[in-house]
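S.K.: Each chain, written out:
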Amino acid sequence: MIEAIGRRAVSAIEAVGRLGHFLMDMARALRDVGIWGRLVLVQMRRVGVDSLPVALFIAAFTGVVLALQASYTFTGAVPMYFVGTLVGKTMMLELGPVLAGLALAGRVGASMAAELGTMKVTEQVDALETLAYDPQSYLVLPRVIAGTMMFPVIVAFAIATGIITGWLTSLVLLDLSTPDFIKGLKLFYRFKDIWFGLLKSASFGFTITLVGCIVGLSTRGGAEGVGRSTTRAVVYAAVLILVLDAFWAVVLL
Amino acid sequence: MIEFRDLHKAFGEKPVLRGFSLKIRDGETMVIIGYSGSGKSVALKHIVGLLHPDAGEVIVDGQVIDALDRDDLTLMREGIGYVFQFAALFDSLSVADNVALGLRRRALAEEEIDDRVREALALVDLSGTEERFPAELSGGMRKRVGIARAIALRPRYILYDEPTTGLDPVTSAVIDRLMVRTREHLGVTGIVVTHDMRSAYTVGDRIAMLYEGQVRQVGTVEEIQGSADPLVRQFIEGRAE
Numbered sequence: 000m001i002e003a004i005g006r007r008a009v010s011a012i013e014a015v016g017r018l019g020h021f022l023m024d025m026a027r028a029l030r031d032v033g034i035w036g037r038l039v040l041v042q043m044r045r046v047g048v049d050s051l052p053v054a055l056f057i058a059a060f061t062g063v064v065l066a067l068q069a070s071y072t073f074t075g076a077v078p079m080y081f082v083g084t085l086v087g088k089t090m091m092l093e094l095g096p097v098l099a100g101l102a103l104a105g106r107v108g109a110s111m112a113a114e115l116g117t118m119k120v121t122e123q124v125d126a127l128e129t130l131a132y133d134p135q136s137y138l139v140l141p142r143v144i145a146g147t148m149m150f151p152v153i154v155a156f157a158i159a160t161g162i163i164t165g166w167l168t169s170l171v172l173l174d175l176s177t178p179d180f181i182k183g184l185k186l187f188y189r190f191k192d193i194w195f196g197l198l199k200s201a202s203f204g205f206t207i208t209l210v211g212c213i214v215g216l217s218t219r220g221g222a223e224g225v226g227r228s229t230t231r232a233v234v235y236a237a238v239l240i241l242v243l244d245a246f247w248a249v250v251l252l
Numbered sequence: 008m009i010e011f012r013d014l015h016k017a018f019g020e021k022p023v024l025r026g027f028s029l030k031i032r033d034g035e036t037m038v039i040i041g042y043s044g045s046g047k048s049v050a051l052k053h054i055v056g057l058l059h060p061d062a063g064e065v066i067v068d069g070q071v072i073d074a075l076d077r078d079d080l081t082l083m084r085e086g087i088g089y090v091f092q093f094a095a096l097f098d099s100l101s102v103a104d105n106v107a108l109g110l111r112r113r114a115l116a117e118e119e120i121d122d123r124v125r126e127a128l129a130l131v132d133l134s135g136t137e138e139r140f141p142a143e144l145s146g147g148m149r150k151r152v153g154i155a156r157a158i159a160l161r162p163r164y165i166l167y168d169e170p171t172t173g174l175d176p177v178t179s180a181v182i183d184r185l186m187v188r189t190r191e192h193l194g195v196t197g198i199v200v201t202h203d204m205r206s207a208y209t210v211g212d213r214i215a216m217l218y219e220g221q222v223r224q225v226g227t228v229e230e231i232q233g234s235a236d237p238l239v240r241q242f243i244e245g246r247a248e
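Line by line, the protein sequences are chains E and W. Note that this note's numbering numbers the first sequence so that position 83 is 82, with each residue one more than the last. Note that this note's numbering numbers the second sequence so that position 134 is 141, with each residue one more than the last.
Hint data in this document are derived by calculation from the structure and do not stem from the laboratory. Fair warning: there could be bad hints in the mix.
Across the chosen pairs, the derived CB separations fall in these ranges [to be verified]:
1. W:Leu238 <-> E:Ala14: 39 to 47 Å
2. E:Val41 <-> W:Asp68: 30 to 38 Å
3. W:Leu238 <-> E:Glu223: 32 to 40 Å
4. W:Asp68 <-> E:Met0: 41 to 49 Å
5. E:Phe190 <-> W:Asp78: 40 to 48 Å
6. E:Arg106 <-> W:Arg240: 54 to 62 Å
7. E:Ile181 <-> W:Arg113: 58 to 66 Å
8. W:Arg25 <-> E:Glu223: 29 to 37 Å
Chain E residues, not near chain W, derived (Cβ > 10 Å throughout) [said to hold, decoys possible]:
9. Ile34
10. Arg44
11. Leu51
12. Phe60
13. Met118
14. Leu216
The C-beta atom is built at its ideal place from N, Cα and C for all residues, glycine as well.
Make a model of the complete structure from these sequences and hints.
M.R.: In structure tokens:
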């Protein structure tokens with residue numbers, strides 16, 4: 000029992016050490032701007048543009064449900080223009096970033112872990128090193144930078160989509176007028192709502208891509224190992240998103 | 008010159024190299040033979056710093072590989088071409104881009120890169136495949152692209168990891184001929200890791216047999232062929248007992 004706890008503790012400390020080492024290597028690779036600079040754009044398209052439909056799809060239906068649930072809760076107790084308040088606040092502060100983050104943990108994190116995992120087990124990563132490329136500069140930095148930069152953009156679109164579908168739902172199904180919805184939307188709005196959501200999204204983007212890269216590059220054992228890495232990347236990223244979500248709420252709200 | 012000096016390497020509890028020492032002279036092709044899992048590829052990976060020894064050292068051109076910092080290791084790697092067992096081509100890049108990748112790292116002019124890619128692909132008889140992708144190539148063609156990628160760098164050393172494994176006898180002979188041609192054209196020092204004895208006799212100047220993490224015997228092709236060591240004889244004759 001004690002031995003098992005000790006083993007787990009040692010393994011946890013080793014994992015933290017490996018993470019620190021990985022981050023230091025990544026920071027050192029920042030100077031290879033000639034390598035990662037041109038690859039960032041490719042990754043920005045993959046991470047950002049290609050992920051947009053999924054994020055917008057989720058946000059659209061979230062906006063509809065939020066408006067309907069708000070109306071259900073408020074009817075007879077709170078003025079209906081508060082539907083706008085709830086849709087806006089919730090999309091900006093919580094559901095926009097978190098739902099998009101969780102969806103993209105599956106899409107982006109899994110695809111990165113699978114891609115880098117396959118490269119690892121087929122010795123493509125070793126080949127890169129023998130060609131005098133640092134895998135951190137060539138593989139990791141472009142993905143992490145693209146993730147950190149593009150997630151806030153995706154989330155901004157997702158928030159806007161959620162609010163628009165919430166407004167349309169209020170208009171069509173709840174008989175709420177546009178001025179009333181906007182009144183509610185503006186009621187408790189603070190600029191912090193926006194930057195809080197976007198900052199959170201950037202941290203999710205950084206985390207999801209970093210986890211995808213770390214897990215992918217530590218893949219061992221052929222196709223089975225790639226499958227394991229893909230699952231691990233999604234699970235770790237999802238857990239970390241929820242932890243980060245709570246962290247930012249405690250620190251910034 | 009490349010020198011392995013008393014190299015030790017273990018993976019977990021399993022020792023692979025146990026005092027491996029070997030010198031490879033400039034201009035020669037050294038073939039390292041041995042059973043599967045005997046540590047041949049592990050030894051090769053130490054030369055380019057893909058693995059780090061538990062003890063001992065690998066010395067290339069007078070420099071201890073494990074003592075090099077990141078920049079010096081990068082510089083050292085620029086002089087070494089590595090041909091991987093399964094070619095390790097980049098799936099998302101065309102044949103031309105695979106061959107050009109190492110050249111782009113050297114910041115050569117695009118015109119020179121194009122020339123070198125053409126020249127390297129011609130040397131491996133793959134002219135005209137520039138726009139194809141690795142998934143569209145046969146196993147033998149992939150290995151030849153891997154060789155082209157290594158020779159395009161005009162390295163001082165080329166390391167071949169099991170270059171003929173998994174290929175039919177005719178394609179293996181083509182790869183052997185390529186390795187000989189590469190040496191004749193470029194005058195590079197080569198290390199070939201293999202358990203294909205026909206290939207070893209064709210391309211090697213000297214052969215070293217690795218057994219239980221150490222060099223069992225090293226000598227010219229003729230010396231190995233005439234070896235009195237029963238273990239070496241069993242291996243080169245391919246006998247079960």
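S.K.: Against each hint, give a clear statement of whether it holds in the structure.
M.R.: Okay, the hints, checked on the actual structure:
1. W:Leu238 <-> E:Ala14: 39 to 47 Å: holds (43 Å)
2. E:Val41 <-> W:Asp68: 30 to 38 Å: holds (36 Å)
3. W:Leu238 <-> E:Glu223: 32 to 40 Å: About 35 Å separates the Cβ atoms of leucine 238 (chain W) and glutamate 223 (chain E), which means 32 to 40 Å holds.
4. W:Asp68 <-> E:Met0: 41 to 49 Å: About 54 Å separates the Cβ atoms of aspartate 68 (chain W) and methionine 0 (chain E), which means 41 to 49 Å is violated.
5. E:Phe190 <-> W:Asp78: 40 to 48 Å: holds (46 Å)
6. E:Arg106 <-> W:Arg240: 54 to 62 Å: Holds, since arginine 106 (chain E) and arginine 240 (chain W) (Cβ atoms, about 58 Å apart) stay within the stated range.
7. E:Ile181 <-> W:Arg113: 58 to 66 Å: holds (59 Å)
8. W:Arg25 <-> E:Glu223: 29 to 37 Å: With Cβ atoms ~30 Å apart, the hint holds.
9. Ile34: Violated, since 8 Å does not exceed 10 Å.
10. Arg44: holds (14 Å)
11. Leu51: holds (22 Å)
12. Phe60: Holds, because the least Cβ-Cβ distance between phenylalanine 60 (chain E) and chain W comes to about 34 Å, which exceeds 10 Å.
13. Met118: The assertion about methionine 118 (chain E) is violated, with a minimum of 8 Å to chain W.
14. Leu216: holds (13 Å)
The structure does not agree with the numbered hints 4, 9, 13 stated previously, though it agrees with the rest.
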